Amino acid sequence: MMRGRTLRVLAPLAALVIVAVVPLVVTDRFLLKIFTFAGINALVVTGLALLFGYAGQVSLGHAAFVGLGAYTCAFCTVRLEWPWLLAFVVSGALAAVGGLVLALPSLRLKGHYLAMATLGFGLLMTLAFVEAEPITGGVDGFGGIPFPALGPIEIREASSLYWLVWAIVGIALVAAFNVTSMRPGRAMRALHGSELGAQACGVDIVGVKVRTFVVSALLAGLAGALYASVVGFVSPSVFTLTASIAFLAMAVLGGTGSLAGPLAAAVLLTLIQYLDALIPGIPRATAQTLQSYQEDIYGLAIVLVVVFAPGGLASMWRRRARGGQAS
Amino acid sequence: MTLLQVRNVTKRFGGLTAVDDVSFDVFEGTIKALIGPNGAGKSTLFNALTGFDRPDHGSVLFDGAELVGRRPRDTVRAGVARTFQNTQLFDEMTAGENVMVGRQAHQSRGFATAMLRLPVAIAEDREARDEAGRLLRLIGIEEWLDTPAADLPAGIRRLVEIARALATKPRLLLLDEPAAGLNTTETRELVQTLFRVRDTGITVGIVEHDMGLVMDVSDEIVVLDRGRKIAEGPPRMIQKDPAVIAAYLGEEADEDA
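Sequence lines, in order, name chains A and B.
This note's numbering puts the first residue of the first sequence at 1159, with every later residue one more than the last.
This note's numbering puts the first residue of the second sequence at 160, with every later residue one more than the last.
For the record, the hints were derived by calculation from the structure and aren't laboratory data.
Because the structure is a prediction, the values reported are computed rather than measured.
One should not assume that every hint holds.
Taking beta-carbon pairs under 7 Å as the criterion, some of the chain A residues facing chain B (in silico) [what the hints assert, rightly or not]:
#1 Arg-1237
#2 Pro-1241
#3 Arg-1344
On the chain B side, residues computed to face chain A include the following (Cβ under 10 Å) [claimed, not checked]:
#4 Arg-241
#5 Asn-245
#6 Gln-247
#7 Ala-273
#8 Arg-323
#9 Arg-385
#10 Arg-387
#11 Ile-389
#12 Glu-391
To list a few chain A residues with every Cβ distance to chain B over 10 Å, as calculated [stated by the list, open to error]:
#13 Leu-1354
#14 Ala-1356
#15 Val-1361
#16 Asp-1362
#17 Ser-1395
#18 Gly-1415
#19 Leu-1426
#20 Leu-1462
We treat Cβ as the ideally placed atom computed from N, Cα and C, and that holds for glycine.
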């Protein structure tokens, strides 16, 4: 019991230290960028962890919210010349509004209408990013997006960008942890466990689902804004159904009822894409094969988890912890 | 005093009239049972009383206020709590957390205050935790507080669900077959719990198949058969009622055939 509690305090602290010192150890700018992307994906997946892992709702279109955030940030900073922080906040807000407009009608209906609606929304938005050329730059994309800036301080160093992204991930994780450990989190887990039971307890089940979806869309929008600012260029090919499924794969692999599991899965599945950069000795052909089978790896991850370990990574280490206590 | 007035409630599913023009009263501080052969419409009536199903006709007055047309959430807030024939616990949550969810109806703090861990949200959390501990003690199952619901024995699951319903601070507690799947010891404990609940001033409505239990606990019984009320009165009268005996004998004859 005592060991479990100590571990629960020490593990996040250790993770914090490791994440914080990465730029001091890793000097390669490309590697740092990969770890920065891992943070951006972790931000999206934290939102999906709330939506899927706690509230039990599936989204097949979260890349669209990431795209919405990315294009909003690009448009606001480049065309409107707004300060970055304002553009960043507006990007999240707009994605949240998009989430609300999508979730409100589809969650009032019973069944898998949310999954269907998000799938349709994702496909539609991919098309919109291409077709709304005056705003998005169409297939050619949207370039010249400035680096993030906090007031007069521009953040352009690879290490600073890394820290900025992971600091925001940290804030999001603390906020998400607070939500899950208090009243709204209990409502989310309750409706996942039994909607009838939750209703009998007076839980506003539609309200909780809609709010959770909006929060997850908000985090995706913020992640999109970070992506646009870190890369400096956005194109519609990034925010596709494949990306949505990758995010979902991370959340599913990470497991239900956990934030640490999806975080670990987001980092892991992001790094797999860049194996050749991470492990210098790896033969080029092997790396290329892995990369070309990337989508299959995501699909396989979902299938394996659903069949063999429905609770994902999180439940695997929870089970180990419980077994350890018993012995 | 009459706490619940059920008036001419009718519920049809397609061509089948599941509940047919049923009326009865429940007096405050009593235990009222609803019995009848399988398919008599007991659970349908329960759903109609708690907002899970809307009756086609009739009215349900709770302390003078109309319940028909309200959502389950508003029914709970008005003071009517229920349990289910198949226990609807949250399996991944502990017994204590399950009961804490029962406080949701009367709490109001949402995402924003929780995210920031504001004192008001922390206070609500503590209130819910204290209440869960108190209720599990009241029912005598406090040793299961930290056990995940999935790992609880059937009898304890029933009692946790009752504790969770009590956490909504009801004036009327409706139990749908609370003794189903329980052994005799567990049933005896359930009876004690029901008396303890009634002694705290909560009115109890119970749908049950276990006749021994019904005769032991209830002050009054309503008997349904094929959707219609065929008898109402104290247990001794019901036991001798020819219409009731016929309904139950008829069922047994059907089962033998």
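Right, here's what the structure says about each hint:
1. Arg-1237: With Cβ-Cβ at 31 Å, over 7 Å, it is violated.
2. Pro-1241: violated, 24 Å
3. Arg-1344: Status holds, d = 5 Å.
4. Arg-241: holds, 5 Å
5. Asn-245: Because about 9 Å separates B:Asn-245 from the closest Cβ in chain A, which is inside the 10 Å limit, the hint holds.
6. Gln-247: holds, 3 Å
7. Ala-273: holds, 4 Å
8. Arg-323: holds, 6 Å
9. Arg-385: violated, 26 Å
10. Arg-387: Result: violated, 27 Å to nearest chain A Cβ.
11. Ile-389: Violated, because the Cβ-Cβ distance from B:Ile-389 to chain A comes to roughly 29 Å (cut-off 10 Å).
12. Glu-391: violated, 27 Å
13. Leu-1354: For A:Leu-1354, whose nearest Cβ neighbour in chain B is about 5 Å away, the distance does not exceed 10 Å, so it is violated.
14. Ala-1356: A:Ala-1356 is in fact no farther than 10 Å from some Cβ atom of chain B, at 7 Å.
15. Val-1361: violated, 5 Å
16. Asp-1362: violated, 6 Å
17. Ser-1395: holds, 34 Å
18. Gly-1415: violated, 6 Å
19. Leu-1426: holds, 24 Å
20. Leu-1462: At about 21 Å from chain B, A:Leu-1462 clears the 10 Å cut-off, so the statement holds.
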